[in-house]
Every structure is written in structure tokens, then in C-alpha cells.
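These protein sequence lines map, in sequence, to chains A, B, C and D. Residue numbering for the first sequence follows numbering that gives the first Met the number 0, beginning at 0 and increasing consecutively. Residue numbering for the second sequence follows numbering that gives the first Met the number 0, beginning at 0 and increasing consecutively. Residue numbering for the third sequence follows numbering that gives the first Met the number 0, beginning at 0 and increasing consecutively. Residue numbering for the fourth sequence follows numbering that gives the first Met the number 0, beginning at 0 and increasing consecutively.
What the hints contain is simulated information worked out from the structure, not anything from laboratory work. Treat the hints loosely; a few may be bogus.
[Unchecked claim] When the alpha-carbon atoms are kept at most 27 Å apart in a straight line, the in silico BS3-like pairs for lysine-lysine are as follows:
#1 Lys356/C / Lys324/C
#2 Lys144/D / Lys59/C
#3 Lys147/C / Lys179/D
#4 Lys333/A / Lys144/D
#5 Lys223/B / Lys34/A
#6 Lys333/A / Lys217/A
#7 Lys223/B / Lys179/D
#8 Lys179/D / Lys92/B
#9 Lys324/C / Lys312/C
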Amino acid sequence: MRPENYQAVNHPPSNEYELNFGPNHPGIEGNYAFKVKLEGDIVVAARADAGYLHRGFEKLMEGRLWMQNLAIVPRICVPDPVPMEVCYSMGVEAIGGLEVPARAQWLRVLQLELSRIAAHLFFFGGHAATVGLYTTMFWGIADRDLILDLFEEMTGGRVYHIYNIPGGVRRDLPPGFLKRLNALLDYLESRLSDYDDLFFTNRVLVHRARGVGAMDQKQALEWGVTGPNLRACGLPFDVRRDEPYLVYDQLDFEIPTYAAGDDLSRTLVRRAELEQSVRILRQVAERLPSVEGPIRAPVPNPLAWNLPEGESYTRIESSKGELAYYILSTGGAKPYRVHVRGPSQMHAVQVLEKLAIGARLEDVAQIVFSLDSCPPEVDR
Amino acid sequence: MKGNKVIPIETHERVPARQRTNPWAKVFDPFMDFCRSRSLFLLHYCTGCGAVELPPTVTSRFDVERLGIQPMVTPRQADILLVTGYVATKTLKRILLSYEQMQAPKYVIGICSCTVNGGMYWQSYATVKKLNEYLPVDVYIAGCMPRPEAVLHGLQQLMEDIKTGRANAWQDYFNRYDHYLGNQQALFGDRWQTPTDIIGEARHYGLLGEQTLGEHTALLERIKQPLEVPTAGVFSPHSETRET
Amino acid sequence: MSDVAYKSKGSVLNPLKAFSFMGRKAVTLPLDEPRDGAEYYRGFHVNDWEKCIGCRSCQKICDNQAITMVKIPSLPDDPVKGVRNERPAIDYGRCCWCGLCVDVCPTGSLALSREYIHTCRGDELDSYFILPDPNGMHDKHYGFGWAKSPDSDLVDLNRRPMPEMAPQKRLQSFDEMVHGYSGQEALLEASRCVQCGLCLESCPTHMDAPNYIRSIWEGNLEQAVRDIYQSNPFSSICGRVCTHRCETACSIGRRGTPVAIRWLKRFALDHVDHETVKRIAAEGKGGYLSGHKVAIIGAGPAGLTTAFDLAKKGHEVVVYEAMEKPGGMTRYGIPEYRLPYARLDEDVDVITSLGVKIRYNTRIGKDVTLQQLEQDYDAVLIAIGMQLGRSTRVPGSDNPHVRKAIDLLRMITRGETFPVPRRAAVIGGGNVAMDTARSVARLQMKKYGKVDITVTALEDFDHFLADPVEVEEAREEGIEVLDARGPVECVIREDGTLECLRTVKVISIFDEQGRFAPKYDDSDEQIHPADMVIEAIGQMADLSFLGEALTERLEWNRGRLKVDENGRTSEPWLWATGDVVHGPDVVHAVADGHRTANSIDTCLCGMEKVTQ
Amino acid sequence: MSESKAISHRLDDVLKEIEGVRYTRQSKTRIRVDLDADALPTLLELLQGRAGYVHLSAITCVDWIDADQFELIYHVWSYEDKALVSAHIRISRDPGRYVSVYDIYTPAAFFERDIHEMFGVYFEGAPDMEKFILTEWDGPPPMRKEFDTERYVNETFAWQEYNPEWLREISAQGGGIAVKPSEGAL
């Protein structure tokens, strides 16, 4: 270090000080940062600082063919890429008037729910680590990897599947897939009790997470909170049920809610959702064999595909909340405008800045993770 | 597909790295390198999407600890900087700050396509295209993103190189600091500076080469000033104050 | 849903549960053996060089611009077959393994393997740029992962069906049997094209088919016509009767049916009104007049194409046509059910609208002498077709009931009548043979209500000359097509009428030197009863009008006029082009026309009066 | 203007109250509303306050460079009606100023800040117009159509130049790179 850099200038003459939280920080999710102003160890103000993962997706997509964009959309949310693919494809289908065959729709649901489980397991791991329960992280992520194995069989990719294309999906299931799927579901259910002992009903979690980062329903609605975080405030809203897409209206599942709206309920809601996803997947595995037919509507040659003029605003329920794509076509081979509305854009910025206030420094990381935000989705 | 699935790790002749007068050096240095290769700390910094394959790598299923490698949260204690995928310009600054804080010998691994030639963000105005223009890279791992197995293989490759004394990219940063600094200034503007005194360290390690100093370092010397602790301006007047 | 008690519970003994895990299977995978990729895994590329044709589709679809086409001299490079000696090289500093390149690959040569590990040192980045071959990145084949499959194939292999008349209805008249695409069908057909451009290289006129096909699916038909007229003023003709080598070269044809390039050309022309076509064709015609005069003998494709180009360049062109109507062999050699003469007239009209004059019923050597032209014009071009049919010279072939195909076709076109045979046998296996057979079939149907024609070809079906579609349709119309039959005699009755055609099995057609010397197997003989035998074994040009002296002066090559690559003869003022030098084919004639036009133009601009 | 029955009476009343509102029923849960820029705040006020459209799903900005306009689209959702209203307005591209709706919908803060950053539209009364994502970026607002990211990249960055063994061999035989990726792209 240059010696002249040691003289600390402009230190505030009080117990108020500022702290850079991230981007290189174990308590931050992904490559994301925010600055906190502290009084002692109480946060008095927090300020999000994003852009470390900015790639300018919306710009890139304007420069690529309709089909080519499928390769980049999953990158917008790394831990939970499937909803991105599906949402984009559905948007394009809406404009192009493509009819998605039934089987493809079921396959998409299968994929979406698997992805949801994977994302939640990931979440448990991360959140547990912030309260010092590292074993859960080791377990959760190892179990998530089993789902990635299934994805690899199904789509040829572990993390980025690029499995959906406008009009349907790219391949049918490999032989024996549903059998392995059921086996995995059995396994996951058998694990739940372990997870309960280890994490959800664990003294450490309950005592550290209860009442932390709490918001009531009114605040949640005002701040634009969606998804599990909203359901943790007692509002049973879920796009899958309230604006059904694909075949969700044919599926039987519940919308778990918790009232308290604090870290604990946010965590428990996700645990309950994991069960619901398993339940959905069971139904899918049961129905799929009977749903015959093509997996894809005839798609035009990707090199020669002009979508008609039109716009679409497609919303689906990702594991983090309400995900929406606004797609605008002026009748060209490329989109004129694509706008991605990711749930984390609310959670990771405004909501986080508000929830952090009054929290103690050691709880900040926990609040960050409990919102389960996804930085690349904020930056795009 | 049957058959032998073991992917061989290349081993190399030991290259004479440093001129040491100490007669024990011949015995001692290889031993040090060996030990070094057996205990490495991985800087815990998720720079890009490739990072999503790191949790599996460090946790039970692929368990990188078998190689004596562990995540480490602070740059000063870390040996390996893993640049996982695309690097936004904003991130690159943080990467450089972290890298310069790391203690030599330090190693950089670039994974994913993006660190090599821009990857799928080659069109993007926000990401840098070639990592090795801004800091020297020891090992690249191909993939978008590479699977944990590939990451493990890359780490083993690095360990092998450390053991055989080939992983010396960090010296290049000192030797050709002017070159790297030049590229950094081209991207961040002339006022770019970091708290670390690379030239001083280069002297310390005896790595002051012809290309360590140059026009760019001269510029740096001109503009360098004490770094200020950011206070005012970080919190805009509109941002929340505590409710009572 | 089993709710979790929202309160902390548990016991101090819980940790003991850990012991129960000792019995479980370890989740950690062994270190030394990376797992195999899954069945569809998207790993590093492999490319089957035998199958790959260098069509560049992968490069076009790649959204990361990761694919470079590399020219490899050691590989075959044959535009006519639709093969380039280029192969894709992948930049793994760009690739994102989305597999779109695999899905659009027309040949199915490109695939992703199950190999997924590659690491290199900082100074070895060149290993990131690889030329995929069948062996995989590290010369070890890990098995195919994401390869071509019907599910994921993004290439549309099936051509839109072309609506046409049913065989029975066809036979009723000479109306055009192919209806042509409707707008929607054409759009869909056009959207099959992957813009690889192999057709362009295979086409004699190098027509930029990808361009006009693109214009068609963009819905801009006028642009399409513009693109077409860049290289071919006989578009509605070629849009119907072109030998379409482009479709032979088409990369989609590797696994499916090639894009209907010919029909699409026809579609564009049919759906832009004639006046607009004229306007577009006239674009680029300079206002100025060069003052040079060119005489062209023969108003066929070759002659008129030359006229078209020269007229555009401001020269004064006069075309001398022996017949009463333009078009040459396209009119008098191609039956109307394939090429409606109205279309032909439209194409010609476009050309005459540029100021080209055509003198009909003017036979050189009879009405005007060549010497006269040599006097009056700066350059003279011989662009006559091949109007004389060749004879087999087998015994009995001199009988009046043994006709030449080309003569019959001409008579049919001109509406001249001749005794329609109840039973006919055709000798020859080319398109002319088919045309004649099918024309006569229509006449038979009209007169007798039934078809009875046998076509006997020297070649076997593997080496057949006629377009397979033609043979197919001929069969549909009730014509019997026999292969590998060599004619030996036309058997004549005492009263001079024909009894039958006698053929024997052909063993081989060419000898070792590749000369024409058919070998027959006399044991296998067939009798084809017929009261007319039609010889359709080729044509030749009638160059008698050249006159003794000139014929002496000119250089010849195996009975054909000797010309340079641009059609110029050994006489500085005389050019020859089209069928007369290159044999019968419309699109070649057009291509020749362009070349010759350039040659004449440069020559004219270069010097004052050629003939002084 | 579709004739199909509206989603709820409250919504109907609100839409009736505003001058010059044109609305189209797109599906049973979607309504597209087109209106003048200055009428929008009132509409949102009423939607939020009276019709129960409490959730601002997103604000989308579209750059119509040829018309020299920005289109702003406010997507608001009602948890009771289970319907989404998309309100489209056009503002002039220059100077590209509009009023913030932060006081009606808190989430607007993020979207407006984002649009300001990416398109350069300034929202008066927004709590915070500071840079957020592009703090290190001093170029023009990148999402504007006139900004050509590909050109910028080619001017700013160098590409990897590979020269592997096999390429040298092929070049020696007279072959080599035939079509560069940039030339071959559509």
C-alpha cells in the first residue's frame, strides 16, 4: 500500500458509519452489493448498488433473431432459468399465434416445477448458511444436483436448458425418465423430515429468523412484493392459479401462506411450496403418458422467421415471484423491444432497502437471503 | 460409452523458475511448491453466472475439499481468484481490487467462454471481452458454464502446475504491469487507480522488469491521490431515514 | 399439506440421528472418473466431414458469431453437386452450447458430443479454436450427445405440395398442368430456405436464388422480380422448364426434398403484373445510344438474352427469326402443357419493350444472306437452336412412318396436322422423348380416347437422362417407359406401313475410352408393335446458311463451331452462342447469352466499325 | 374498442371518467388502454384508489425513434378483478420528460430510475434519479435505438486472435479462413 493512503480522511465523528456490503461478501447473494449506514450495529439506512452483472440483455435481444434469443434468456436468472425460457416462448407464441401442443405444455410444467424445487433447495442452502447452519447448505445443494441430473437427461444441459422454443419444446423425454422422476420425488419427500430437524424447526433458525425483516400485508402490497414473499404475508396470490397458463388449471395444488411476513415465514412458505411442487410433479408424471401427440407446433425455419406485428405481456410465477416479459414485434425477424420484469427487481432493491432499516448488522445477510432475490435478474 | 474415462492430467518437466543462490533451494523450492499446491484457498467472489456451479463444487457432491481447496471470503487470505464467466466493466474494477490485494503467489482461473472472447455477450456494451488483457490468467476452463467435474479438472490442472512451478502468471502482472495498467486505463479512464502499490511490490519481489514501468505507470504516478472514505453522496437525500 | 409447527421444537438427542447416516450411500462422486454426459448432453462439437457440405447454415444461426468457415483444399469442392470444401470451426470463447447449429444443420453432419472437459493454460488459448471432426476435441470419441433427431430438427424437409392436374384431366388438353403456388404456400415454401447459396454457385447464370427467395418470404415480390432479372430475362420460362440444377445442389435436398426454387421463381413472375415487370426489367437501361448495330440470328433464349443485354447497353439490336413466332426451341421444342406460349410471349415482350426489333419469317441464307448482315452490322451473332433431329439409322428408319421427335413437336406447336398413330414407340430417354410421347399421348386421347405409347431408352434408370419427374408423370399418363433397350430394326410391312419396333437389351453404352459404342445382348429381344416410331435421340443445328466459303474459313470442333469461352468465332465479326455451341438447355443458353453480350459489348466499345 | 363486456363495473366507471381514453379488451384478463400523457396520472390515481388496481407490475419504455417519441406502458394488476390493465402513453423524445407516479405506486421508483438510466427519460418528482446499474457508464443511454452496441463493442474491445496448429497447416496447403463469423451472420 502507498503510505499516503493510510491516513484515513473524513471519518464521521460519531458512532454512525457506513459499510460496503458486497459485492465480494459471503452474506450477499451473487454479485450484488449495497451500502449500509449503521448506528452501532443497527442499520439506519441501506442503499442497493447493482449493475455488477449487467449485460444489457434487453439491448442484446433487439439484435438477435426470435429463435436465437432463446439461448440468452435463461441467463437472466441463473438459479432458476426455466421460467425465463417458458415466459419468453409464451410471449412469442402469443404474438405469432402458435398453438402449443398439449404434451409440450405438460413438459413445460414438469420442467418449471423441477426448476422451482431446485431453486428452493438452493435457497434453503443459502439462507441456512446465513444463520450458521452449514450442513443444510451441503445437503440442499447436493440434493438440488440430483434434479440437475434429471434436467441433463431431459434437456442436455445441467443449468441452462434451452429446452423450450416458441411452439413447444425441443425434445421428448428420454425412455424411463418418469420412473427416475418418481424415484427422485420419493427421495425428496423422504428427505423433508431430515430438513425439518436440521433447519426448519431448528431452534437456531426459529429464534434468529422469527420477527426479523418483517413486513405486513399492506406494506408488501404497497412495495410491490410478489411471489413467496407476498404469500408469507398472508395473501394467497399465485399467477399459476389466478391467471392460469399452460395446464395449471388442470392441476390440483394449494397456495400455502403464512401470516407473519418475517424471515421465518418466508422460509417456511418455500418449504411448503416445495411440497406442493412435488405434488404437482406427481400429477404430471401420472398424466404425461396419456398425453400423446407432438411436442412442438410446426415452427418456421429460424433463419427465415418474421413474427407478425404485435405485443404481448406474459406473466408467470417463477420461484421468486411474478416474472413478466413485455415483447413488441414490428413484424421483423428480430424483436423491436423486450422488457423483462423480474421479481427481484422489487425485492432486492426497494424492499430490501426498507426491510434492512432497524435490523441488526448480523441479520442483514439473513434478510437478503430470505427475500431470495436474484441479482442477474435485477441487472439484466 | 464404455472404456477408460480417466482424463489424464499432464505433468511437465520442472522449469527453472528463479535463480537462487541457496544450495538448498533445489530441494526446498519444489517442496514448498508441493505444499502450496496441496492447500489452496478459493476467493469467494461470484463474478458471473458460472458461479452457480461453484456451490455444487464446494459442497458434498463434488467436494473440492478433497483437493485441499476451500472457499475463503477475504482476498488477503485467498490464493485463487476464480473469475466465473462474463465480467461486467463494473465488476472488473472489483476483481482488480481483489486481485491486487491477494498475496503472491496468486493464481487466476478463468472459466466459461466469456472470459476468453466475450462469450455470448460479445455484443454487450457492458462486459469486457478478454480477461487476460487486464490481469494474467493461469488456467482456463471451457464451458458455458463448465460442469463441476470440469472445474475440478481445472483445479487439478492448476495444482499440477503449481507443483511443477509453472503457474507463474502472477509474476507477469508485475513484469508487465504497464501493459495491464494501460488496458485498464483505456477502459476505466485515465483517473483509474487502486490502493495497492504494485510497483513497490514488484520491487519487493524482485520482479521489476523493463515493461513494469512505462507511460501508463507514469500517468498513474501523476494522478495518484489519497483514497477518500466515501461518505456524503452515497445516500441520496431522498433515501429512507429511520421511521420512529 | 403437512404444516411445519411454527415453533422451535426438538430434543437434545436429535444429533444422535447423525449415526443413522452412516448406513447411507455416499453422495460424493469419485474424483478420478468424470461422469458420462447424458444421452442428449450438449458437449463439444463433432462434425462428420463426409456428410458436411460447407453450407454455412450453422454459421448463420449461431447467435454468438462463434463459427468460422475454414476452406480445406484437400476436400472436394463441386458447386454443381452442391458441395463446398469449407468446414465450420468453433470458437469456444464464444460458443454457448445451445445446439441451434445442430438443429438447423441441413445435412445432420454436425452434432454435440458428450465430451465436456477442456482446460488449458493461460498461454494455450489457441486450443479454444477448434475444427470439429468426427473424433471429438481430444481425439477421443465420447459418444454423441445432442445430435440430429426428428424432434429437434428445425429444418423443414418436406416441400409444399404443388397443385397440378390429375393425369386423366391432363390428357384431355394441352393446358398447363402445374397450377403454381398460392401466396401462402409460396411463403411457406420460401421460408424453408436456409440461405446457404449453394444454388447460386450451381446455376449457370449464377442467379441469386437466396436473395429472391428471401424477398418472397418478406412479401416483397417486386424486389424478387428485380433480383431475378439481374441474371435472367427468361424468368417465367425458366420458372417452368428450367433444368433446375439449383435444386440438385440445394442443401435441404440432402435429407429432404429441395426447396422448390424453380416454382418460387415462377410464383414471383406470375404474381407481379406484366407492366411492372417491364418497368423493373428496364431499370438501368442507359438513355444513350452507342450507334453500333448488332444482328442476331435466332430469337431463342440465347439470342434474345444477348439482345436484352446489348439493348440495355444502348446498342441497336435486330433479331432475325426464321419462324413466325419468337422463342426458338422453347416454343417449337417444348409442348404447351409445360410452357404456355402466352408466358413465353410475355418474356419476349419484356425484351422487345427495350427496343429490340425482331424480324420474323426471315431465314438467313434464303431471305437475307449472311454476307448482307456482315455488311450492314458491326457484329453478327448466330444463336440458332438445333432444329434437325438425328436418326438412329437402324434398318427401316427411313420409312415415312418413322418420324423425328423434334419435327412432331414443331408441327404440334404450329397446329399442323399429321396422322395420329394408334400405337407409337419412342426411341430415346431424354426430356424430348418424354415431351413427344406425352404430346402424342394427348393427341391419341383426343382421337381414340386411349393412350398406347412405349418409350424405349438406351440408358437404364440409374443413368436416365430425362428428369425423374417427367418419367413419373409420363407413367401417370399411361405411357410405358422401358430402360436399357437398344433399337435394332423398325419392321415394315409389305404395304409400307410400320409393324413394330424391335429392341434388344443394352449391356453397356460406352466403351473403355468413354466413346459411344453400345453393347447389346441379342438373346433378350422385345417387340413393340407400333404404327409410328418416333426418334428422339438428339438434335443438331442446321448451319448450311453459312455458305461454302465461310464454312471453310471458320474453325470447327467435332462438327461444332469452334468458339472462345465468350462465343466469339475465329471470324472477328461473328459470334455464336446457345445450343449451337453448347447443346440444348434453356438456362445454359441464357448464361451463354450474357457472356456473349459482354464480349460483343466490350469489343464494340473498344473499336470503331468491326467490318471495314 | 371491443364490445365485449368489461371486467368490472368499478373499472368501467374509472375508464368512463377520463377524457379521450380508448381501450381494447385483449383477453378475459387483459385490457389495453391508450390515452394522452397528461391524463395518465389521473387514470392511475383512480385505478389504484377506486378500482383496486394496487399492483404496478411494470413500467415499460419503448423508443420509437422514427416517430421521435417514447412510449411508456404502465402495467397495473388488480388482485380482486384478477385483471391487468396496460396503459399506453406517448411522450416526445426530446426533451423526454414526464411526471413520476411514485406517489401513486411505490414500485414506480425502481422502474422510473431504470428507464431514466437506460433511455434517458427524466421523471419529475421521482424520489431518485441517480445512476444505479450503469454507475461506471458514461456513454449515451444504451437502450436508445440510436446507440449501436455492436459498433461500440468493435470500437472499444479487441477480439481474441487464434492461430492454432491446424489452421497454420491448412493455410500452408492454400486453405484458411473462408468466411469470418461477422461476414456470415444474417
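Status of each hint after checking the structure:
Only pairs whose Cα atoms come within 27 Å are accepted, and lysine 356/C paired with lysine 324/C is accepted, the gap being roughly 13 Å. The hinted pair formed by lysine 144/D and lysine 59/C meets the criterion: a straight-line CA distance of about 24 Å does not exceed 27 Å. Among the hinted pairs, lysine 147/C with lysine 179/D is consistent with the structure: their alpha-carbon atoms are about 25 Å apart, no more than 27 Å. For a cut-off of 27 Å, the pair hint linking lysine 333/A to lysine 144/D stands: about 14 Å separates their Cα positions.
With a CA separation close to 25 Å, the supplied pair lysine 223/B and lysine 34/A stays within the 27 Å bound. Of the pairs offered as hints, the one joining lysine 333/A and lysine 217/A is violated, with about 41 Å between alpha carbons and a cut-off of 27 Å exceeded. Of the supplied pair hints, the one linking lysine 223/B and lysine 179/D is violated, its CA atoms being roughly 43 Å apart against a limit of 27 Å. At roughly 32 Å between alpha-carbon atoms, lysine 179/D and lysine 92/B are farther apart than 27 Å, so this suggested pair is violated.
A C-alpha spacing of about 25 Å is found between lysine 324/C and lysine 312/C, which places the hinted pair at or below 27 Å, so the restraint holds.
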